[in-house]
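Undergrad: Protein chains in written order, with our numbering: chain E, 1 to 292; chain U, 293 to 1106.
Bear in mind the hints are in silico, worked out from the structure with no lab data behind them. Note that the structure is predicted; figures quoted are calculated from it, not measured. Among the hints, erroneous ones may be present.
Unchecked claim - Cross-link-like lysine-lysine pairs, in silico, DSS-like; alpha carbons within 30 Å at most: (1) E:LYS238 - E:LYS116; (2) E:LYS81 - U:LYS962; (3) U:LYS1023 - E:LYS160; (4) U:LYS1048 - E:LYS81; (5) U:LYS1061 - U:LYS340; (6) U:LYS792 - U:LYS874.
Take a look at the letters that make up each chain.
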Amino acid sequence: MAGAHGQTQRRKTSTHESFLRHGGFLFARLSLALCAGAIAVYAYAAFHDRLPQGGGTTLGYTLGALGAILIVWLALLGVRKRAVSDGHYSLKAWVSAHVYLGLSLIVIATLHTGFKFGLNVHTLAYGLMLLVIASGAVGVWAYATLPRALSNNRGDTTRKQMLGEIHDLDEQLLEAAQPLSRPNAEIVRLSLEGTDIGGGFWRRLFGAYGDCANDHAIALVGPALQVASGREATALRKVDQLLRDKAKALGKARRQMHITALLEAWLFVHVPATFALLAALLVHIVSVFLYW
Amino acid sequence: MSEVFRIAIVGSGPSGLSAAAHAAATGVSHILLEKTGHLSDTIFRYQKGKHVMATPSLLVLRSDCAFSAGRREAVLQQWDADAKAAGVNVRYNAEAKAITGAKGDFSIALTNGQVVRCETVVLAVGTQGNPNLMRCDGADLPHVQYQLDDPAEYIDEHIFVLGGGDAGIENALGLAADQAQANVVTLVNRSADFARAKEANVKALMTARDTGRITVLSETTPSLVEPGWITVETPQGVARHKCDRIIARMGSSPPRKFVEAAGVAFTSDAASAFPALSPTFETTTPGVYVIGALAGYPLIKHCMNQGHDVVEYIRGATDLKPADEPILEAKLAGLPGKMSVSEWLEFLRSRVEILYGLSPLQMREFLLDSEVKAFHAGETIFERNGVGSSLFGIAQGSVLVEVDPKNPAITVPIPAGSIFGEVGLISGRRRGATVRAGDNCIAIEIPRTAALKLMAQVPQARETVNRITTERQILQIFKSGLTPADLAEVLPLAQTVEVKAGQPIMTEGDEGDDLFIIRSGSMIVEKQVGGKNVFLSYVPAGSYSGEMALLDGGRRTATVKAAIRSQVVRLPGAPFRRLLAKKPELLKRMREEVASRRKVNAFVEEQKDNFGGVVDMYSSVASFLIDQGIGEATDVLLIDESLCVGCDNCEKACADSHEGLSRLNREAGKTYAQIHVPTSCRHCEHPYCMTDCPPNAIQRGPDGEVFISDACIGCGNCQRNCPYDVIQMDKPPPEKPPLWRWMLFGMGPGPGEPDKAWREKQPKSKVEKGKVAIKCDMCIGKAGGPACVRACPTGAAIRVSPEEFLSVALLDRG
Ligand SMILES: Cc1cc2nc3c(=O)[nH]c(=O)nc-3n(C[C@H](O)[C@H](O)[C@H](O)COP(=O)(O)OP(=O)(O)OC[C@H]3O[C@@H](n4cnc5c(N)ncnc54)[C@H](O)[C@@H]3O)c2cc1C
Ligand code: HEM
Ligand code: SF4
Ligand code: SF4
Ligand code: SF4
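With the rest of the complex left out, here is chain U (with noise of 0.2 Å):
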């Protein structure tokens, strides 16, 4: 009979390795099963000299191993001294496959056929998950893999990659790109074209293989491997092609699948969803516990004390304090009310309808992202047209939501437990009315990403707040005094649709009477004139659409289609009509917005007949901004071309206000009728930079920029979420000498950014700095605005809105 251990720990990341650590250092018999041939693979699979960076630096690191900010390699040796002085008893190649059995007495099977028998299991596997393997025969043979650290390594071979990706363009380009490696690089596409990837990798890869520096075969899948040969299936047929290595890039599957094979529970079928944890990281099979980045927590320094936290309560702990505490006493300190930090957590939690189903674990770490605030009566929360995506939950007390900004006298009132703020939440634009405190209130202040992910891991948090940002943004849209009693009958009718860029959700001549809001995304209205599609209008997210045919009856008289995926609710417009006939003001405020938008349809139109051309114009400058994704920005940098001479000031003065770095490339970018979209940050409506920023670095401005804190480690997550690829990995380069000297004596590089041989040849700092995201913050908290538009002394650089933009003013430009 093999040897029970007390816990089996499965991967050795920060998180695994620091609670191996532990049982060690507490004499607590235990095995460390990692299924590579080294400790913790997410981080040796960082770039080489990637700096790691150890955020939040209020948080105490409470770990047998050591981390600081430092190299890669530096803490990756720390951490191999460490588990030696430890005494950690590490097995490696070993990859666990299934966990059978109940707490006590688990076997884990491993995939080389080894069995493993603990009494607990603590998952610490990451979230990285397991590359997609190649299936054919010959998929075992040693020169297939499915990693490149150093693309510089391989010389005069042929390399064939596989994928389509990102991932594999970028190895591809990789190996290719040294002339002098002589590499003879095949890419293969399982499908026809590359959708999943970024425009500018797509764009390399066609001029490499237009250069004949690489090969793509496009709808090809290989089918044997041999060795020094690979066989490929064409839609010409079957190849066998010269082949010394392949590197397949075929993505990866997350853990999900195996932990969830373990009777581990999720909290909802998102796919951003973690298990459901107990305070003490137990799941829902008693005895197994998931700690580090597959809990929810991606940050080293997180995952490190957890892996303490979790041995201590496996050894029977009960007044552990989490490290974290210090940093919630801190955030909770100056509330009135004498509470301790779980008394709060349990305050919070049972009073606010959001926070209902979760967990005290998942309020903990909830908490750590979000702020409680008291406001006394009066005091104002929140201004009308103020930016801010944060969304408030009312734990005591009320707000007062001011519907008329003419008369702030005139309030709506919201009672304790409900939410507010949640239109930004959805939309991403400025706040729709002012709030302020009805009474003395506490609350809690959820920035957008917690709550986003909130409502992927709390099903019944989802359903709270879909319903509450229905019914209030139809109050907010049409206002007129409007209260959640007339909506009752309204209300139950809608239906929320999510709709694809380019779907209609109305066409020109249809029969149909449904009113629809533009919840998320934004619409672009179109007519049939003169047997053209004419472009009228843009729609943002936050209005709606549908009234004519609403009021007036007949049919649609234009198109109204998705400008990118956007949601929609859907009104039903019989009992829309009741409530009209109920609410005269409403009818007219419906119909003088009718009235206007018949003006621009009409004025169109008219130009339509007088000089076509420049109605053709508009039309098409206009579809080409939506092709350019316009449709989702809310603030873009355009360049008027025939105005651009070409002096690069708006970079210089970007570089120059932004510690040396320029965050715009002008040139890079398409250009349609002297109307160029530079390469830079548009400030999405939702920005899919901040899908996935491990230390929530990523905010969103007073003015509705979208930039970057300090808090960034350099993942280069974002870089890759980024479809306008916008967001470079840099680091900032040494101070300049002042302007009058260059100006006067020659000194320094001058204005702008400097190039790479004045960088190299500037004195080292002391201390080392990592490569941080870096992209256009729209010169956050400059009084004048974006340098970039004030530098441009022809006025070629501009930044606007798409819905001023994209408006009749465009018709000017004739």
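Bound-form chain E, shown alone (with noise of 0.2 Å):
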């Protein structure tokens, strides 16, 4: 309690600095220096032996190595971020070393197989390897662009709020539609009991909810307002109101929802292709030591 100690060499502050310019874009250039030793050291190999390159020649198999630990490194990055310890490291630093060197497996992979391509399970391993990068490329695109509009979007509301403001106008709806005539209530109940807030990953991954309950319930109120009188109409213009309410609030918290999915969709893609990337590279390197 003295202080006797003084300060303890805790790391404390953290530079703010995105995963993508983390330290100075350290490993973007490590990632380009890893690429273009790799290509000289190629270039001369393959320029001396006047060979391709191939997995079996002692640079196909250094490349290969290589390629095979980064792999299995890049897709521990599942583990490592959720397996919270207490000594020093930074998922910032992973996820942008993650970045730039997953993306130098372009070329070492791609020297590594010496351009030699067919159908089989090693051209297999190297699509689902391209397929894993491409996919990563477009969670980069999503991590760089999205928040900013999911920020815009909420402002400083939660999700939970915004499920509870929908809740609430759930609430008044019911209370408005007491006083109203059996078909007119039926129009309330259609928007209490037919709307679906966010719906299926596909719905909120493309924002389609042209068949909102309510948006019909809506379109139904104006109609049956012309034909209304004394507190049948009064009682109508309330639900109207609260109706639209809850159209904004469900626009709301869909946007919400349609950002969420569009910044997750690609690791639908990115996570399970880096598990049939992981089966391919390990059937890749038992047939390889097996039968050549």
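Build the complex: two chains, separate frames, hints provided.
TA: Here it is as structure tokens:
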């Protein structure tokens, strides 16, 4: 308590720098150097030995081993992200390295193939790797562009509040529907029971809410208002307003889910393809050692 | 003539009850007066099923009533049984109103008109006080109540809640929460806004109002209560409403007036002061004793022990060793010199200047909180930049302060009797210098809370600390080999000024050459550029302001105003300039400082000409952050929402590194220009949460973390006191299966805080644990630092201190 030991050696301050710029583009530069080095050695070897440097050569083995290690390490990001240990690590640095070193695989693995492709497990592994990388690139694009939209849409409201607001409006609708005649009450019921706030993944991803029950209800209130009078009309006008408020609240919540889905969608390719890649890679390596 | 009791005990909380039980057990004629219809009202009013804790665990219980940790209901039941078994003579619904007479013959007048006569009085009324009552006609009708135990109890009623504080708002929200109860709830607030309530509560209330669940009447006062009706005066006129129940939550008044009326003196005027007591708990009125929370001992075990002891003292015991004696003995065991506990107490009290005004009893309590340490010559006591907010008093020997970080040989001595470490106490910031023992010395280390309590209770201690701190702070800020003698002319003219948030200490364009030292709080510097207020810089506690006009003459070049409530020391310009003339080194130092501040100003102004939008942005982000209370933070979590992908990995990491509960609510909180201030502890310079923690469980760690220790008894005071709503009361969920099992086999709830459903499905553990206060501890003790920051994949989550963040670096964001 006396602070007799002074300040501890903990890392406390954090730099305000995105994962892409981490450490002044440290990993981007590292990755570029790696690619340039690999190309230079390859070009030298190819020129010297006058053959394409496929997997079977020393250089090919080296590049293959490097690539395999990289792929396994890249896949371990999934573990690093979830295993919260006490020591010093920064997931941001990991992601930064992941992105740039992951991209370097395009060069390293391609050189490793010696530009020999065919209809076999080896090329399958290569193709899967490119798929993972491509989806990763989409992910980086999403991470770099969507957060602002996400933030602007929600302002100071939380997801819970957004849903709470819709819930509150539903309760008010229920109350406002009490004085209504049977057919008009059905309109409110349509909104209350038929509205699907989020829906499945694809709906969220494409923001496809064209058939929203609440919108139908709004469309029906208009004509009903024309023929209503007295108490019924007053109540309907209130319902109309509430339905419109609900449409606004729904719009906000759905936009939030839409952007969130966009931020996640690529992972549904990236991660399964990673597993497929790891399997293909294993088969590739085992078969190479067994049959070559 | 009615019976004259040997002892009348007022209040049947743990202290009063224990006193009565001991009186009964020893056959002393007594009466226990209790205001309510049951024993121990404070504990009776805890939330249903609350786990009552029995700390400090080292302390032995000395009472005729049993007490161990357990549910509120079990504790109360036990005491009811104990009171009966001991044959306690208790009178319920007997609220003492006034105490008259003198030792041997007191009369206690009760509010019901009865009078109780006794030889001695033991006041054990606690600190809860009485709720402020409704004053209008009909306020005594039975449907007016001052407490709400269970909002679920009332169905289909028209209920009026009076009072716009947190208690009133929380009650109103609770009553309206479940629509199925169909209550019609109205909240009546005397003023126009809800300045006293927490923002989150006000927000929830406004939502409830907008959705029609609660009616809010502002600037309204009740004027008449009738069965089934209430009449209120609103700005629009008088209105009469249907009303089945009134819940009045208009605050409470402390019992001090009642106690003072009996002739009992308090130690000072401060709101936190306690009655002045002798070692036997006797007040300044002979024959009147005070024990329990009112005596300054808020823990139940202490209260009960005192109940026992006070009866012993009244029966004439003189050699009774207080129950805390073994604790103190253990505390003092390793020290040189073979002295008894009471000799040690006297030794410290008579040698350390700030302790002179303490009574032996206060000294005892004080030592329970503090540590006595011996240092051998040359040993380091604390280091520069270390974090620690305790105060040291030197009882023997002397210490040396290393004033020059580059050369530890340059030191300033502090003699026996004086104090050191006081800067951390005032500002809660890091230690400004390394201090080592000059020769073998013995010092008492007083934790910040205990020191503040001391200053509140003993005016003499407060003055001493203030005098020394001002002098030291000035010496420390200006360094340059200044000695106390150099300040002889300046110091007597120094003035300590309290400034409210937003209030300027100097205004651009004004005359003036006084120098200001920011003692606590912080300042922001603003300048008019192109007709707009532009934020220039942030000045934390421990720096100075106003040096430009002092050195160069002329008018003030910028406005300096308080970011939060602050305390500054004003040093008049003329004598200070004379000091500068004598100390060329100091002058040089200040000139350098002025030059660097000028540079910042020039830089900002230059940017303004080039691309105005950037400076506007910088200014407005800075003022947004100040509005969010960043000015009193030492370390705050910010989220750059232009990078945040909403993965919530920060919350998950927080939960997984803290027993499964996240102490951070990422989404909640305000956002401006993509800078988001989530709901998470800011590790305030002066933590409000610390102010009223019975077991003193909230402390500051070595890196400035404000954390809650295992001593927490779950009273919820800190949750109410924190203005930023970052403390939750909860109990840790059951342990999850390890991560690999989840990854491979999908076992358990996965990373992050487990959901309710999973929590409930787990087998209950045998030992029942109570809810305790939970908040961010900045991952104290974890080598890697805060997990939220480490776990953020994009770099959106950052932890910053205001002085780093509110600097020109912000300009880069453009
Ligand atoms: C929510 C909460 C949780 C807590 N949890 C714990 C815990 O877990 N463990 C722990 O050790 N401490 C806990 N505390 C602290 C502890 O409850 C109190 O400090 C303790 O009860 C004080 O005891 P007391 O005997 O001094 O006074 P009180 O318990 O306050 O009792 C005073 C009694 O005097 C009566 N009274 C008042 N005025 C008059 C009058 N004029 N005439 C007659 N009677 C009067 C009152 O009705 C009351 O019954 C908690 C406090 C709170 C608020
Ligand atoms: C063969 C190469 C790669 C493999 C095996 C791989 C594998 C993975 C895995 C397993 C994850 C963890 C997903 C999760 O658990 O949420 C991940 C995340 C990610 N990957 Fe890749 N990846 C590869 C290449 C790339 C490339 C080239 C990029 C970018 C261009 C990229 C961008 C990302 C990003 C942005 C994340 C998200 C990080 C986060 O939100 O935590 N990946 N990758
Ligand atoms: S809990 Fe609240 S009052 Fe205490 S340090 Fe944190 S933010 Fe400040
Ligand atoms: S930490 Fe909070 S809840 Fe726990 S005892 Fe202290 S004030 Fe009460
Ligand atoms: S971990 Fe980072 S990106 Fe994810 S929610 Fe938290 S702040 Fe946003």
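Undergrad: Take the hints in turn and mark each one as holding or not.
TA: Okay, the hints, checked on the actual structure:
| no. | hint | verdict |
| --- | --- | --- |
| 1 | E:LYS238 - E:LYS116 | 71 Å, violated |
| 2 | E:LYS81 - U:LYS962 | 27 Å, holds |
| 3 | U:LYS1023 - E:LYS160 | 22 Å, holds |
| 4 | U:LYS1048 - E:LYS81 | 24 Å, holds |
| 5 | U:LYS1061 - U:LYS340 | 15 Å, holds |
| 6 | U:LYS792 - U:LYS874 | 35 Å, violated |
The structure does not agree with the numbered hints 1 and 6 stated previously, though it agrees with the rest.
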